[in-house]
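Protein chains in written order, with our numbering: chain S, 1 to 184; chain W, 1001 to 1450; chain A, 2001 to 2322.
Treat each hint with caution, since some may be false.
No more than 25 Å apart at the CA atoms, straight line, and that leaves these computed lysine-lysine pairs for DSS-like [unchecked claim]:
1) S:Lys147 with W:Lys1249
2) W:Lys1004 with W:Lys1048
3) S:Lys103 with W:Lys1278
4) S:Lys87 with S:Lys166
5) S:Lys103 with W:Lys1300
6) S:Lys17 with W:Lys1184
7) A:Lys2048 with A:Lys2067
8) A:Lys2102 with A:Lys2007
9) A:Lys2015 with W:Lys1184
10) S:Lys103 with W:Lys1184
11) W:Lys1047 with W:Lys1229
12) S:Lys32 with A:Lys2187
13) W:Lys1035 with W:Lys1048
14) W:Lys1198 with S:Lys30
15) S:Lys103 with W:Lys1198
16) S:Lys87 with S:Lys103
17) W:Lys1198 with A:Lys2272
18) S:Lys103 with W:Lys1370
19) A:Lys2048 with A:Lys2265
20) A:Lys2234 with A:Lys2048
21) A:Lys2284 with A:Lys2048
22) S:Lys32 with A:Lys2048
Because the hints were derived from the structure by calculation, they are not lab data.
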Amino acid sequence: MSETTHSQVSFSDELLKEVNRVIGQFPEGKQKSALIRVLHIAQAEFGWLSVPVMDYVARLLHIQPIEVYEVATFYSMYDTKPVGKVKLEVCRTGPCMIEGAEKIVKYIEDKLGIQDGETTADGIFTLKTVECLGACGYAPMLQAGEKYHEHLTEAKVDELIEAYRKNPVANYMGQETNLNSAKS
Amino acid sequence: MTRKLLLDKVNVEGIAGYDVYRKNGGYRSVEKALKTMSPDEVVEEVKKSGLRGRGGAGFPTGMKWSFLAKPEGVPRHLLCNADESEPGTFKDRYLMEKIPHLLIEGMIVSSFALGANQSYIYIRGEYMYVLRILEKAIAEAYANGWLGKNILGTGFDLDLSVTPGAGAYICGEETALIESLEGKRGNPRIKPPFPAVKGLWQRPTVVNNVETIAAVVPIVNDGGEEYAKIGIGRSTGTKLISAGGNINKPGVYEIEMNITVEEFIYSDTYCGGIKNGKRLKACVPGGSSVPILPHYLVCKTAAGEDRLMTYESLADGGFATGSMLGSGGFIVYDEDQCIVRNTWNFTRFYHHESCGQCSPCREGTGWMEKVLHRLEYGHGKMEDINLLWDIQRKIEGNTICPLGDAAAWPVAAAIRHFREEFEWHVNEPKACMERNYGLVTEKTFETATA
Amino acid sequence: MSEQTEKIKVTIDGKLVEVAPGTTILNAAREIGGEVVPPAMCYYSSLKGSGGKCRTCLVEVSKGSEKDPRPMPKLVASCSTPVADGMEVKNKSSEKVLDARKGVVEFLLINHPLDCPICDQAGECHLQDLAFEHGLEKTRYEFKRRTFDQIDIGEYIKLHMTRCILCYRCVYTADQLTNAREHGVLKRGDAAEISTYIQNSLDNDFIGNVIDVCPVGALTDRTFRFKSRVWYTKPMDVHCECSKCSGKAVAWMIGDEIARITARKDQYGEVKEFICNDCRFNKKQKSDWVFEGPRHIDRHSVISANKYEDPIPEHTPLLNKA
Ligand SMILES: Cc1cc2nc3c(=O)[nH]c(=O)nc-3n(C[C@H](O)[C@H](O)[C@H](O)COP(=O)(O)O)c2cc1C
Ligand code: SF4
Ligand code: SF4
Ligand code: FES
Chain S
1 MSETTHSQVS FSDELLKEVN RVIGQFPEGK QKSALIRVLH IAQAEFGWLS
51 VPVMDYVARL LHIQPIEVYE VATFYSMYDT KPVGKVKLEV CRTGPCMIEG
101 AEKIVKYIED KLGIQDGETT ADGIFTLKTV ECLGACGYAP MLQAGEKYHE
151 HLTEAKVDEL IEAYRKNPVA NYMGQETNLN SAKS
Chain W
1001 MTRKLLLDKV NVEGIAGYDV YRKNGGYRSV EKALKTMSPD EVVEEVKKSG
1051 LRGRGGAGFP TGMKWSFLAK PEGVPRHLLC NADESEPGTF KDRYLMEKIP
1101 HLLIEGMIVS SFALGANQSY IYIRGEYMYV LRILEKAIAE AYANGWLGKN
1151 ILGTGFDLDL SVTPGAGAYI CGEETALIES LEGKRGNPRI KPPFPAVKGL
1201 WQRPTVVNNV ETIAAVVPIV NDGGEEYAKI GIGRSTGTKL ISAGGNINKP
1251 GVYEIEMNIT VEEFIYSDTY CGGIKNGKRL KACVPGGSSV PILPHYLVCK
1301 TAAGEDRLMT YESLADGGFA TGSMLGSGGF IVYDEDQCIV RNTWNFTRFY
1351 HHESCGQCSP CREGTGWMEK VLHRLEYGHG KMEDINLLWD IQRKIEGNTI
1401 CPLGDAAAWP VAAAIRHFRE EFEWHVNEPK ACMERNYGLV TEKTFETATA
Chain A
2001 MSEQTEKIKV TIDGKLVEVA PGTTILNAAR EIGGEVVPPA MCYYSSLKGS
2051 GGKCRTCLVE VSKGSEKDPR PMPKLVASCS TPVADGMEVK NKSSEKVLDA
2101 RKGVVEFLLI NHPLDCPICD QAGECHLQDL AFEHGLEKTR YEFKRRTFDQ
2151 IDIGEYIKLH MTRCILCYRC VYTADQLTNA REHGVLKRGD AAEISTYIQN
2201 SLDNDFIGNV IDVCPVGALT DRTFRFKSRV WYTKPMDVHC ECSKCSGKAV
2251 AWMIGDEIAR ITARKDQYGE VKEFICNDCR FNKKQKSDWV FEGPRHIDRH
2301 SVISANKYED PIPEHTPLLN KA
């Protein structure tokens, strides 16, 4: 966790293509509308949003750096400080709380030896409590990268922490989720 | 068997993919609308259906559509609100994930009705994996000629894309959503002007919830009148309910708006009763913003009638003894839950989600959270209860956007119905840390005859 | 009718006024003047987009219009609600308004540091005026107040974020008067702050005007010489030849010396002609200016009402006792 900023900031050609695709979804001159998506891409690529990363995004979209800082600090998914490779975001809101979210948070805190908001010494895990993730019927739950882990138990938490420790890639793009939803 | 209009095909193997969706009657409404109807006729069907917005406010959709300004030469936009962040609500995610083409089909027909040629689905950033599902489905729709230029040779053009938020409940408020879609902070706009006149990029804009837009598909297919036959009074059609909390069978249910709350909670078709054989303590029937009801007002209204799962019946008695259908986020509390803790938890949510633009909400939500925290942890004073009441009263109605009201209502309702439990926290600071209060005593209400 | 645009009628606290369509309730009230004018902390007539945020200007619309006489269900922000023909508005004559306004003042103060005795703005602070007129006797807030470190944004301006009420006026000023805004609002909710994020210095020819638009002492002039209370200084209307701005300003004098320069403000505390940094920060010699005479401060305020004398009086209990 020694990095305090980024020195080399640029997207690969492939990511630039993606950025241009996103910009292309909006009319001429409205490229600022791509900002939120591009910041997600940047965060996935660089881990967090340092000033050089945000300035780079501002240049890509032809806007002022302050316009990027304003947005990056408004939305709770963006990290403007370094975080671990895998963010465990546990929902703490009402419906999850009454189904045991607080116990899950405590269990993870004890297991990893960190508090809410902290990162493990090996830089793998950051624990963050977050507000309702729209999974109230499958509580308690946490999100890691893009993936929702629902109906959590201590055993399930053990399992997924083990799995992420072996393979600390939080970006589970495209992986099947196993919603345990109501029968229709 | 209850009729299902949105989720009837949801368990068909492979329905998330284009081919299966199409084979099961998908995109019929696009063919019908674009080839045989005028945009105004589509609006007319939606009016006839009695469809009301499923995002929370319940505003009649057809009427909202007819308010859209149509100045010559200015593009108009339809935005789908897939921000779904109201605690207790998870139906839109279910629908988008399971049957994404239904939303896309609804977007095409609705865009046609409004004369919009560039539409967007704004989805909360945490649903990134759902965004990818939608993008895949949109690509399939383009590939099969349902999107793009000259759809079905009718001359109607439509571009559709999905764009994410990044963690902000407030972006579900329609003008904050528009700001966010413009790449800005999610600060709600001061109204007037309304989005119907000046919305996205200052152009006339309609914002509708995912479920609202999906419901347009069966309305166009079967006709508005057919849709209006389902339900009671002004609560027409079917409604998706996200059921959560201490129940045996949490999940998303599509109901006809005519069943009783009692049936919904206790029947095996739906929630299957309270978990672990406990007693019902309270219920928040429409997402965290709506007033909480104590056990004795959940299944019956104050007048002693059966409460129904409809807009009107859930609101029966006003805020004094009723609540709201809201977004359909149905949260059930058993006797072991603490109302003070839950109120504190919700208030912390609103404090966390306030955009901070206007003083009552920016300052008041944090203040209420601190007072509630103190009460919950046994350090409260008796005056705190009245203080809370006064703070919420000074927020409600005095803010730029309804988030202020949404923060005030749960506090007001908790005090209104559970005051004795708050007082107990003050009087029994030790006990309140060790156990929960249990059920509150039933109050009697003058059953209004006038 | 000889008039080109037809005027419409609106009644505020029983006083009738005729204004052009599209006028806001607040501006209609300003045409009447006096007691019927609601206080405004965020609205600023020359700043496009300003207003609507602080909620101090809330009024009751007891009759919507001649056509639709129904009252409006909620109080409305008078600064951003247009009038309609036949509208009837209650400001001071509405209990609801006074009650809500009291609430707004209390909200604005719960996180405000009670440091008037050491604040540069004391004596010309709109929040102080507002609290004096509409506040409660004592605060009911018992928690730690939010604090921020003071920062210098460039050599001219100091930002004391703890005092900020997030009116956004400075942001609109920077948007409107400069071509590349460098400061803005960061974070959200009650953690929101005005900042440059990377401690940029704001150096644009007109950026000094953010000091004048700030209703409280959050943005102050680092070149204010001889640390002094505002009411010890004597304001003089002055002007100079300036290639960048109108050169019309106010020199705040201590004896024979210029303590600071500001733009000229009207009775609502609003600057009509913004001045450039050069005039504001660099022309501190008497010889830089042509003196026109003493400036009459007719703003309804703590200084003009002579409520401020030395030592700090106990006039606003809320501000002096925590
Ligand atoms: C704070 C706040 C959050 C909201 N969140 C949502 C949301 O997540 N999804 C939604 O559809 N509507 C939400 N709404 C309601 C929208 O503002 C708007 O009324 C709705 O999208 C209109 O669509 P409908 O008429 O189809 O319901 C929210 C409103 C407020 C004030
Ligand atoms: S009510 Fe709250 S969320 Fe809405 S504009 Fe005001 S501060 Fe922002
Ligand atoms: S610094 Fe002053 S002008 Fe800027 S937002 Fe704060 S109070 Fe308003
Ligand atoms: S002056 Fe109208 S809301 Fe601030």
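Is Lys103 of chain S close enough to Lys1370 of chain W, meaning Cα to Cα at most 25 Å? holds (22 Å)
Against the 25 Å threshold, does the CA-CA distance of Lys1198 of chain W and Lys30 of chain S hold or violate the hint? holds (16 Å)
Check whether the Cα positions of Lys32 of chain S and Lys2187 of chain A lie no farther apart than 25 Å. Holds, at about 19 Å.
Decide if the proposed pair is consistent with the structure: Lys103 of chain S and Lys1300 of chain W, CA atoms, cutoff 25 Å inclusive. violated (34 Å)
With the threshold set at 25 Å, check whether the alpha-carbon distance from Lys17 of chain S to Lys1184 of chain W stays at or below it. holds (23 Å)
Is Lys103 of chain S within 25 Å of Lys1278 of chain W, Cα to Cα? Satisfied, since the Cα-Cα distance of roughly 21 Å is no more than 25 Å.
Does the structure keep Lys87 of chain S and Lys103 of chain S at a Cα separation of 25 Å or less? holds (18 Å)
Checking one constraint from the list: CA of Lys2048 of chain A to CA of Lys2067 of chain A, max 25 Å. Satisfied? Given that 25 Å is the threshold and the Cα spacing comes to 30 Å, the pair is violated.
Against the 25 Å threshold, does the CA-CA distance of Lys2015 of chain A and Lys1184 of chain W hold or violate the hint? violated (41 Å)
Need the status of pair Lys2284 of chain A, Lys2048 of chain A: alpha-carbon distance at most 25 Å? It is violated: about 31 Å lies between the C-alpha atoms, which goes past 25 Å.
With the threshold set at 25 Å, check whether the alpha-carbon distance from Lys1035 of chain W to Lys1048 of chain W stays at or below it. This hinted pair holds, its Cα atoms lying about 20 Å apart.
Does the alpha-carbon distance linking Lys2234 of chain A and Lys2048 of chain A stay inside the 25 Å limit? Violated, at roughly 32 Å.
Hint compliance for this structure: hints 5, 7, 8, 9, 10, 15, 17, 20 and 21 are not met, and every other hint is.
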